[in-house]
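S.K.: Everything in the sequence shown is counted per full-length UniProt numbering, starting at 1 for the first residue and increasing by one.
These are computed hints drawn from the structure, not numbers from a lab.
Hints should not be assumed to be uniformly reliable.
Pairwise CB distance ranges, derived in the manner of DEER restraints [what the hints assert, rightly or not]:
{"id": "1", "residue 1": "Q35", "residue 2": "E10", "range": "30 to 40 angstroms"}
{"id": "2", "residue 1": "P38", "residue 2": "G85", "range": "24 to 34 angstroms"}
{"id": "3", "residue 1": "P83", "residue 2": "G44", "range": "15 to 25 angstroms"}
Positions of the beta carbon are idealized from the N, C-alpha and C atoms, including for glycine.
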Amino acid sequence: MLRVSVISPERVLFEGEARSVVAPAFDGEVGILSQHAPMVTLLGAGVLRLEGGSAGEQRFAVEGGFLQVADDEVRVVTERASPAGGA
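Could you build the full structure based on these sequences and the hints that come with them?
M.R.: Here it is as structure tokens:
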């Protein structure tokens, strides 16, 4: 499982676990699973999807910022974020 944080300037929108993360990188979608290599990427605008956690699928509309992966921890720091509609 991945430990995931979704943070905007206003608040922490999510802290919890997920089996996978799909994020809108500046040059296309990026998928993250457990044991992913460390990385940092810029985010574009789109829907961030957290799948397989105890809270079910979570979706957030994000715009700008960055995503960092290290040691099964994913940090999403975004300029704007809000919960998006469920699947």
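S.K.: Which of the listed hints are not met by the structure?
M.R.: none
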